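Asker: Read top to bottom, the protein sequences are chains A and B. For the first sequence, our numbering begins at 1 and goes up steadily by one. For the second sequence, our numbering begins at 171 and goes up steadily by one.
Read the hints as simulated data drawn from the structure, not as lab findings. Note that the structure is predicted; figures quoted are calculated from it, not measured. We put the CB at the ideal spot given by N, CA and C, even for glycine. Hints may contain errors.
Said to hold, decoys possible - Calculated cross-link-like contacts (lysine to any residue; reagent style SDA-like; alpha-carbon spacing at most 20 Å):
1. B:635 / B:696
2. B:491 / B:502
3. B:491 / A:121
4. B:308 / B:456
5. B:491 / A:122
6. A:27 / A:52
7. B:554 / A:126
8. A:27 / B:526
9. A:81 / A:70
10. A:27 / B:528
11. B:451 / B:383
12. A:27 / B:522
13. B:308 / B:341
14. B:554 / B:484
15. A:27 / B:516
16. B:554 / A:122
17. B:554 / A:123
18. A:27 / B:524
19. A:100 / A:126
20. B:554 / B:542
21. A:27 / B:519
22. A:102 / A:131
23. B:554 / A:121
24. B:687 / B:658
25. B:491 / A:123
26. B:308 / B:452
Said to hold, decoys possible - Derived DEER-like restraints, expressed as beta-carbon distance ranges:
27. A:161 / B:489: 48 to 58 Å
28. A:128 / B:538: 28 to 38 Å
29. A:109 / B:523: 36 to 46 Å
30. B:578 / A:128: 18 to 28 Å
31. B:538 / A:169: 25 to 35 Å
32. A:109 / B:657: 55 to 65 Å
33. A:122 / B:565: 10 to 20 Å
34. A:73 / B:476: 49 to 59 Å
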Amino acid sequence: MNEGNNRTPAHPSTTASAPRASALSGKLPRTLLAEWDILVVDDDSGSLRVAQFLLSYCGARVHTSINGLEGLKTAQKVHPKIIISDISMPVMDGWNLLRKVKLDPALSSTPVIALSAHALSSDRQRGLEAGFHTYLTKPLNPMTFVRDMLGSLLNLPDVRERLAKEGVSL
Amino acid sequence: MTIPHPLTELSRTLHHPQGLAHLSALFFHSPHGVSLQTADGRVVRTNPAFERMVGYLEPELTGLTVEQLLHPDDRAEQRRFFDELTDDKRDMFTVTRRFLRLNGQMLWVNSTCAALRDVEGRFQYAISFDEDITERRKGEEALQAIAEATFSASGTDFFRDLVRLLATALNVPYALVTECTNPLKDHVRALAFWREEKHIDGYEYDLAGTPCQRVVQQNTLSYHPRDVQRLFPKDQDLVGLQAQSYLGIPIYDSVGNVLGHLFVMDRKAMENEPRGLSILKIFAARAGAELERKQHDAERERLIEQLRLAKDRAQESSRLKSEFLATMSHELRTPLNAVIGFAGILRDGMAGEIDAVAHELVGSIFDSSQHLLGLITDILDLSKIEAGRMELLALDVPLADLVGQWRAQLEVLAQTKGLATKVTLDPKLPPLIRTDRDRLTQVIANLIANAVKFTEHGSVTLALKLAAGDLVIAVTDTGVGIAPHAFDYIFDEFRQVNGSYNRSKGGAGLGLAIVRKLCRLMGGSIRVESEQGKGSTFIVTLPLGQSTNVADSSSSQEEAAR
Numbered sequence: 001m002n003e004g005n006n007r008t009p010a011h012p013s014t015t016a017s018a019p020r021a022s023a024l025s026g027k028l029p030r031t032l033l034a035e036w037d038i039l040v041v042d043d044d045s046g047s048l049r050v051a052q053f054l055l056s057y058c059g060a061r062v063h064t065s066i067n068g069l070e071g072l073k074t075a076q077k078v079h080p081k082i083i084i085s086d087i088s089m090p091v092m093d094g095w096n097l098l099r100k101v102k103l104d105p106a107l108s109s110t111p112v113i114a115l116s117a118h119a120l121s122s123d124r125q126r127g128l129e130a131g132f133h134t135y136l137t138k139p140l141n142p143m144t145f146v147r148d149m150l151g152s153l154l155n156l157p158d159v160r161e162r163l164a165k166e167g168v169s170l
Numbered sequence: 171m172t173i174p175h176p177l178t179e180l181s182r183t184l185h186h187p188q189g190l191a192h193l194s195a196l197f198f199h200s201p202h203g204v205s206l207q208t209a210d211g212r213v214v215r216t217n218p219a220f221e222r223m224v225g226y227l228e229p230e231l232t233g234l235t236v237e238q239l240l241h242p243d244d245r246a247e248q249r250r251f252f253d254e255l256t257d258d259k260r261d262m263f264t265v266t267r268r269f270l271r272l273n274g275q276m277l278w279v280n281s282t283c284a285a286l287r288d289v290e291g292r293f294q295y296a297i298s299f300d301e302d303i304t305e306r307r308k309g310e311e312a313l314q315a316i317a318e319a320t321f322s323a324s325g326t327d328f329f330r331d332l333v334r335l336l337a338t339a340l341n342v343p344y345a346l347v348t349e350c351t352n353p354l355k356d357h358v359r360a361l362a363f364w365r366e367e368k369h370i371d372g373y374e375y376d377l378a379g380t381p382c383q384r385v386v387q388q389n390t391l392s393y394h395p396r397d398v399q400r401l402f403p404k405d406q407d408l409v410g411l412q413a414q415s416y417l418g419i420p421i422y423d424s425v426g427n428v429l430g431h432l433f434v435m436d437r438k439a440m441e442n443e444p445r446g447l448s449i450l451k452i453f454a455a456r457a458g459a460e461l462e463r464k465q466h467d468a469e470r471e472r473l474i475e476q477l478r479l480a481k482d483r484a485q486e487s488s489r490l491k492s493e494f495l496a497t498m499s500h501e502l503r504t505p506l507n508a509v510i511g512f513a514g515i516l517r518d519g520m521a522g523e524i525d526a527v528a529h530e531l532v533g534s535i536f537d538s539s540q541h542l543l544g545l546i547t548d549i550l551d552l553s554k555i556e557a558g559r560m561e562l563l564a565l566d567v568p569l570a571d572l573v574g575q576w577r578a579q580l581e582v583l584a585q586t587k588g589l590a591t592k593v594t595l596d597p598k599l600p601p602l603i604r605t606d607r608d609r610l611t612q613v614i615a616n617l618i619a620n621a622v623k624f625t626e627h628g629s630v631t632l633a634l635k636l637a638a639g640d641l642v643i644a645v646t647d648t649g650v651g652i653a654p655h656a657f658d659y660i661f662d663e664f665r666q667v668n669g670s671y672n673r674s675k676g677g678a679g680l681g682l683a684i685v686r687k688l689c690r691l692m693g694g695s696i697r698v699e700s701e702q703g704k705g706s707t708f709i710v711t712l713p714l715g716q717s718t719n720v721a722d723s724s725s726s727q728e729e730a731a732r
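Just chain A, with the same shape it has in the complex:
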């Protein structure tokens, strides 16, 4: 079980910062995500803005929505390369958004990444079983967030190509 940072297998509790975080910190190229549409869905404006900033920093065109239903509409309009969604939201939650995306032939192959404050290992397990491409937990680690996201998308040739082109190893 890992209740802590996103992809660290286990981290020391209390104050020690994860060593991996410092090892991986370091600015990413501003063009790493250039020309890519990424949709972020979250009802917490702070969370939305943090993700938006980190993705925009690397050049992505970031679209934001404040609930699953808005997110679905935006997705159907812009056909994003990646969808990052919170789980607990009003109107339509992340589970239903995921389901609708998977049922839409135009979107069904779009990876949907969960970014949730439900951080128990059982939450993560349920998320992966439901079909989220990967399950990241809040608080996100600003130094590793983009790397973590791309690390889960290495199955996409676009992503591998872009990483090679920008000279980034994860």
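Go by the hints and put chain B onto chain A.
Answerer: The following block gives chain B in isolation, referenced to the frame of chain A:
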């Protein structure tokens, strides 16, 4: 009933015309059935009692044999004995047998049959004396049922059987067994009520004014062979049931407390009270044992129910607590996401270059929010362990992998403070150990982080060795050390040691509490050795899983110096 003797004398009397008349008068008034049969078994003379018993009138009986009046199962015996009588092989016989009455009822009789012979000893008649023993037999059967415990095993059925058998045994229309419903013993509830061949359910009543009151409240037998309605004019139930007589006794538990009572009533006057009483006593004793058992069962059921409720409440409370903690974690993590995210963005200059002071301040926000996150995680872990919901997943893990991971972690941390590091691995340790990798790493990472945190100069050492079949992992630092008096509570929740391990070092004091709980969960233990100002060693001892095998090697690497 007397057997005529000597028989020859009776025969002589019978042959005397007047003697026969005398005897006929005697037979006429006898309470027992008397019949005369010829050598071929035919009935030639019966008395009124015999007619009443079998339900035939004398003219209807004439020409029938006694054998024909008997239950089919009893006929062979009758024939055999009767033949012996007519063949002069015996003078008399006594058997218990059953008449089938004209109306189909069965009648148990005790029969004595004697041969009447003339002066030459030739067979003239057989004379039978039949005593109706049906009632006695029913009583005996009921008693036998009690004695042999052929009642239903327990519960309501037991009491139902009890009153039914009791009414049968005493040949009364009413039989009740009750239990007191309150400590005052002024109200009883029928456990079973046999009323005119039927069970009546749900009968209860106040004892005041009834013949039962004295039985239950004064713990004594109560017998009213007649006029019970006149004696208890306020008892309307007696009127309703047309009761004339009453016999009741208390039912006790094994220490003599009255639990209820048992009584019978009849619509006519009661006779033969001693026999009724002895039967009632036997039934009451049996009922007392059963009632006591029933009450013990009820008490046990009540306790079990209480325990079950308490357990449900505890589980519910535990579930609510877990739910609360999960919600709390979610609610705290959400704003923390923005705090940590923006602090990191600012600190790392992603939102524009900032000066050194601002960098330090923002870095402090970042570190503090990370600390807060650690606390949330720790609290969840701790509550999970305490609720017994922390489950271990033990797998075979290459020890070298684990040590490599821990070494990397140690080196990264130690580097930030310029500390030397050393890692030793006992070659006698098996290459694979069975453990929950994440949990063990959580323990060791915590110890390493603490060691670095409390050490300003010198080194931090991680040493793994095999000792007495256990895996012993020691994390040693050359830091501030711990005062001996603190050894006792350093592993307690929310405790930090003043002076040496102080709050200025951060941490809520949950880390070591979790470490100790995790060690115990893994079947191991943790202890500390320390000298103030010189450093500390935290020693984790874990049993090695069964699937592991110990590598054969004689040399051991030098263990790190404390």
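Asker: Against each hint, give a clear statement of whether it holds in the structure.
Answerer: Status of the hints after comparison with the structure:
Between the alpha carbons of residue 635 (chain B) and residue 696 (chain B) the distance comes to roughly 15 Å, so the proposed pair stays at or under 20 Å and holds. A threshold of 20 Å between alpha carbons decides the hint, and for residue 491 (chain B) with residue 502 (chain B) the separation of about 16 Å falls inside it, so the pair holds. Our distance criterion of 20 Å between C-alpha atoms is met by residue 491 (chain B) and residue 121 (chain A), whose separation comes to about 18 Å. Our distance criterion of 20 Å between C-alpha atoms is met by residue 308 (chain B) and residue 456 (chain B), whose separation comes to about 18 Å.
Under the criterion of a C-alpha separation no larger than 20 Å, the hint pairing residue 491 (chain B) with residue 122 (chain A) is consistent with the structure, at around 17 Å. Our distance criterion of 20 Å between C-alpha atoms is met by residue 27 (chain A) and residue 52 (chain A), whose separation comes to about 16 Å. For the proposed pair residue 554 (chain B) and residue 126 (chain A), the alpha carbon gap of about 19 Å is at most 20 Å, so the pair holds. With a C-alpha separation of about 18 Å, the suggested pairing of residue 27 (chain A) with residue 526 (chain B) holds against the 20 Å cut-off.
For the given pair, residue 81 (chain A) sits about 17 Å from residue 70 (chain A) by alpha-carbon distance, which is consistent with the 20 Å threshold. With a C-alpha separation of about 19 Å, the suggested pair residue 27 (chain A) and residue 528 (chain B) falls inside the 20 Å cut-off, and the hint holds. For a cut-off of 20 Å, the pair hint linking residue 451 (chain B) to residue 383 (chain B) stands: about 18 Å separates their Cα positions. For the given pair, residue 27 (chain A) sits about 12 Å from residue 522 (chain B) by alpha-carbon distance, which is consistent with the 20 Å threshold.
With a C-alpha separation of about 9 Å, the suggested pairing of residue 308 (chain B) with residue 341 (chain B) holds against the 20 Å cut-off. Taking the CA atoms of residue 554 (chain B) and residue 484 (chain B), the gap is near 15 Å; set against the 20 Å cutoff, the hint holds. Note on residue 27 (chain A) and residue 516 (chain B): the hinted pairing holds, with a Cα-Cα distance of about 12 Å set against a maximum of 20 Å. For the proposed pair residue 554 (chain B) and residue 122 (chain A), the alpha carbon gap of about 13 Å is at most 20 Å, so the pair holds.
About 15 Å separates the Cα atoms of residue 554 (chain B) and residue 123 (chain A), which keeps this hinted pair within 20 Å; it holds. Our distance criterion of 20 Å between C-alpha atoms is met by residue 27 (chain A) and residue 524 (chain B), whose separation comes to about 15 Å. This hinted pair checks out: residue 100 (chain A) and residue 126 (chain A) have alpha carbons roughly 17 Å apart, not beyond 20 Å. This hinted pair checks out: residue 554 (chain B) and residue 542 (chain B) have alpha carbons roughly 18 Å apart, not beyond 20 Å.
For the hint linking residue 27 (chain A) to residue 519 (chain B), the alpha-carbon distance of about 9 Å falls within 20 Å, and the restraint holds. In summary, the hint linking residue 102 (chain A) to residue 131 (chain A) is supported, as the alpha carbons are separated by about 9 Å, within the 20 Å threshold. About 12 Å separates the Cα atoms of residue 554 (chain B) and residue 121 (chain A), which keeps this hinted pair within 20 Å; it holds. A hinted pair counts as satisfied when its Cα atoms are at most 20 Å apart, and residue 687 (chain B) with residue 658 (chain B) qualifies at roughly 15 Å.
Proximity of residue 491 (chain B) to residue 123 (chain A) is assessed by CA-CA distance (about 17 Å); at most 20 Å being required, the pair is judged to hold. With a C-alpha separation of about 15 Å, the suggested pair residue 308 (chain B) and residue 452 (chain B) falls inside the 20 Å cut-off, and the hint holds. The given range of 48 to 58 Å is respected by residue 161 (chain A) and residue 489 (chain B), whose C-beta atoms sit roughly 49 Å from each other. The given range of 28 to 38 Å is respected by residue 128 (chain A) and residue 538 (chain B), whose C-beta atoms sit roughly 32 Å from each other.
Remark: the range hint 36 to 46 Å for residue 109 (chain A) to residue 523 (chain B) is upheld by a beta-carbon distance near 41 Å. Separation of residue 578 (chain B) from residue 128 (chain A) is about 27 Å and conforms to the stated range, judged on CB atoms against 18 to 28 Å. Range check, residue 538 (chain B) to residue 169 (chain A): about 32 Å between beta-carbon atoms, so the 25 to 35 Å window is met. Residue 109 (chain A) and residue 657 (chain B) have their C-beta atoms about 60 Å apart, which keeps the hinted 55 to 65 Å range intact.
A beta carbon spacing of about 19 Å between residue 122 (chain A) and residue 565 (chain B) agrees with the range 10 to 20 Å that was offered as a hint. Between residue 73 (chain A) and residue 476 (chain B) the beta carbon distance is about 57 Å. The supplied range of 49 to 59 Å therefore holds.
Of the numbered hints listed earlier, not one is contradicted by the structure.
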